[in-house]
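Residues per chain, in single letters:
Number of protein chains: 2
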Amino acid sequence: MKVRVAVDAMGGDNAPVEIVKGAVDAVLARKDIEVILVGIEDRVKKELSNYTYPQEQIRVVHASEIIATEEPPVMAIRKKKDSSIVVAMNLVKHGEADAFVSAGSSGAILVGGQLLVGRIKGIERPPLAPVIPTEKGVSLLIDCGANVDARPSHLVQFAKMGSIYMENVVGIKNPKVAIVNIGAEEEKGNALVKETFPLLKNCPDINFIGSIEAREIPSGYADVIVCEAFVGNVILKLYEGVGSTFKRMIKQGLMSTAISKVGALLVQSAIKKTLKAFDASEYGGAPLLGLNGLVVKTHGSSKAKEIKNSIIQCVAFKEQQINEKIKQNIIIEE
Amino acid sequence: MKVRVAVDAMGGDNAPVEIVKGAVDAVLARKDIEVILVGIEDRVKKELSNYTYPQEQIRVVHASEIIATEEPPVMAIRKKKDSSIVVAMNLVKHGEADAFVSAGSSGAILVGGQLLVGRIKGIERPPLAPVIPTEKGVSLLIDCGANVDARPSHLVQFAKMGSIYMENVVGIKNPKVAIVNIGAEEEKGNALVKETFPLLKNCPDINFIGSIEAREIPSGYADVIVCEAFVGNVILKLYEGVGSTFKRMIKQGLMSTAISKVGALLVQSAIKKTLKAFDASEYGGAPLLGLNGLVVKTHGSSKAKEIKNSIIQCVAFKEQQINEKIKQNIIIEE
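Respectively, the protein sequence lines represent chains L and D.
Heads up, the first sequence is in this note's numbering, so the first residue is 53 and it goes up one at a time.
Heads up, the second sequence is in this note's numbering, so the first residue is 53 and it goes up one at a time.
Heads up, a few of these hints could be off.
Claimed, not checked - Under 7 Å between C-beta atoms, here's a sample of chain D residues computed to sit facing chain L:
1) Leu100
2) Tyr103
3) Pro106
4) Val200
5) Asn242
6) Met301
7) Ile302
8) Gly305
Stated by the list, open to error - Straight line, CA to CA, 16 Å or less: simulated EDC-like cross-link-like pairs of lysine to aspartate or glutamate:
9) D/Lys54 / D/Glu123
10) D/Lys289 / L/Glu268
11) D/Lys289 / L/Asp257
12) L/Lys225 / L/Asp201
13) D/Lys240 / L/Asp257
14) D/Lys246 / L/Asp201
What the hints assert, rightly or not - For each label pair, taking beta carbons as the anchor points, the in silico distance ranges come out as:
15) D/Lys131 / L/Lys188: 38 to 44 Å
16) L/Leu167 / D/Lys299: 41 to 47 Å
17) L/Lys246 / D/Met127: 16 to 22 Å
18) D/Lys299 / L/Glu108: 48 to 54 Å
Just so you know, these hints were derived from the structure itself, not from any lab.
Glycine residues also receive a C-beta, built at the ideal position from the N, C-alpha and C atoms.
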């Protein structure tokens with residue numbers, strides 16, 4: 053049985069060209085996927101006509117409207133009933149798709165996830181949980197934009213859901229969970245962290261290792277990095293910002309003298325490989341966890357490769373029955 | 053008239069060797085500085101005996117105790133009356149020194165600053181404000197560790213003090229002030245940012261340019277970056293963490309093949325120069341603003357160069373009469 057992934061053909065800076073290409077690449081790579089491209093039918097079909105692919109693995113569902121990035125999300129989700137995001141989320145809601153992938157408006161995806169797809173019963177806040185590159189591999193940053201001003205009980209649910217995801221989708225046994233803090237000691241932190249710390253410490257289902265200072269995040273010290281959304285968003289974006297500034301500055305450095313230009317030719321491929329390991333787009337999109345179905349947000353600037361990886365990611369999520377595990381491990385015991 | 057800088061000879065990972073060396077380098081570089089080295093007299097004098105320097109520019113004040121990094125700060129400041137931090141802060145308090153530089157326990161320095169040196173009347177919370185490297189030069193990150201769970205009025209004072217510091221000490225005319233946020237729009241943010249935003253917008257003394265997303269910090273989009281201490285601490289430490297991970301990974305990349313090793317020799321100096329521009333130790337320490345005197349916290353790992361730069365930084369602070377400007381521009385109008 054195929055995993056059915058609805059894809060927002062109109063979302064992101066490179067829609068529909070890169071989205072459609074990513075969908076085609078995904079079905080060419082995997083036979084166990086059916087992609088439902090949601091968007092303006094004529095434009096999507098025209099793009100599709102450029103490719104050869106197994107016809108039974110891609111179908112198009114028409115949606116006449118597009119939600120722009122700058123639109124107020126709640127209003128957009130309520131008014132634009134025939135937008136690609138709303139139509140695709142309704143497919144998930146009604147069980148016609150298992151998952152939804154979009155590079156469109158973050159706000160609309162977060163709001164739509166809650167209002168249309170709906171939370172799993174007992175989940176207080178569905179967190180956005182991107183995987184970020186580290187020296188050792190990847191870590192899950194949870195929450196990263198969905199819920200500002202969170203409460204301790206939310207963070208405990210984030211820790212549990214994050215552990216289930218890392219163990220079953222990313223394949224890290226007994227993932228190490230840490231809470232972002234401004235010092236290593238238990239008595240450090242703001243009010244939220246001080247209240248949450250003992251709850252995590254006493255939580256039997258997770259491998260809690262204590263606080264993590266931001267300095268240790270890139271080294272891969274923890275597998276699941278728990279924080280409230282404001283802090284998570286700052287971490288994610290600064291990660292990207294410092295990374296791209298470094299890349300630009302090193303390029304300029306390499307081009308600065310005649311000698312360094314010659315050297316640049318020789319080190320080019322080695323440096324590219326290094327920088328690629330720190331490139332978030334290699335790792336697919338960020339799942340919005342705790343919903344009645346899977347919603348994956350990819351970068352607005354996503355190209356075919358990130359779309360393809362995000363679609364493929366949905367297979368592991370479905371096959372590993374992440375939502376069933378969340379229901380069993382989180383809801384029942386609470 | 054000389055600027056009198058008390059220096060914690062016993063603070064930090066490399067005390068007293070690097071601290072004493074930094075003090076000597078500072079007085080060799082500038083005739084307008086007098087350094088008061090505070091610490092265990094025998095050890096400090098023994099170190100000093102290795103150098104030739106103008107004797108009238110360095111004196112030693114004995115302090116028999118040392119506050120360790122892991123000691124609970126409030127207790128340490130109260131009990132260890134003869135520690136280098138307490139003795140030096142009392143010199144500032146009693147007007148025998150203009151400033152205090154320490155690479156010792158952050159917690160003890162923050163607590164001691166408030167309890168011993170004391171706040172300028174009207175300043176609610178003295179923020180720690182390090183200068184961080186950017187593509188364009190430097191930005192001031194304020195607050196970065198002193199006060200978690202801050203209120204909007206604190207952030208407004210941070211913005212004003214930060215503007216005065218950047219304009220007068222770092223020399224940036226009409227510095228651009230931005231508040232760290234998770235989106236560019238005014239309606240984005242958590243409760244604290246939403247409340248603070250209109251206050252900053254209506255503040256006549258600062259050049260407020262709105263929100264800054266963490267992604268834009270490394271590019272130098274704003275000169276004064278306002279945030280509460282938890283977020284500021286995460287930004288500062290992640291900056292350092294991503295930077296050092298990148299350095300390590302690029303070094304490994306350069307050493308990965310025979311060809312890249314040859315190239316590495318040619319690009320070495322260009323890359324070093326680039327990475328140096330992103331090295332926080334080039335920029336001296338972080339001032340704790342809003343106190344009756346200047347307190348500067350440098351990295352625990354500070355070597356002579358950072359100590360020297362931090363001592364020299366105190367001259368501009370004194371000469372530009374930063375505290376008088378803070379009193380005039382912040383306190384009187386409120």
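Now for the hints, and whether the structure bears them out:
no. : hint                            : in the structure
1   : Leu100                          : violated, 34 Å
2   : Tyr103                          : violated, 33 Å
3   : Pro106                          : violated, 39 Å
4   : Val200                          : holds, 4 Å
5   : Asn242                          : holds, 4 Å
6   : Met301                          : holds, 5 Å
7   : Ile302                          : holds, 6 Å
8   : Gly305                          : holds, 4 Å
9   : D/Lys54 / D/Glu123              : violated, 34 Å
10  : D/Lys289 / L/Glu268             : holds, 8 Å
11  : D/Lys289 / L/Asp257             : violated, 30 Å
12  : L/Lys225 / L/Asp201             : violated, 31 Å
13  : D/Lys240 / L/Asp257             : violated, 34 Å
14  : D/Lys246 / L/Asp201             : holds, 12 Å
15  : D/Lys131 / L/Lys188: 38 to 44 Å : holds, 41 Å
16  : L/Leu167 / D/Lys299: 41 to 47 Å : holds, 45 Å
17  : L/Lys246 / D/Met127: 16 to 22 Å : holds, 18 Å
18  : D/Lys299 / L/Glu108: 48 to 54 Å : holds, 50 Å
Consistency with the previously given hints fails for numbers 1, 2, 3, 9, 11, 12, 13, ordered from lowest to highest.
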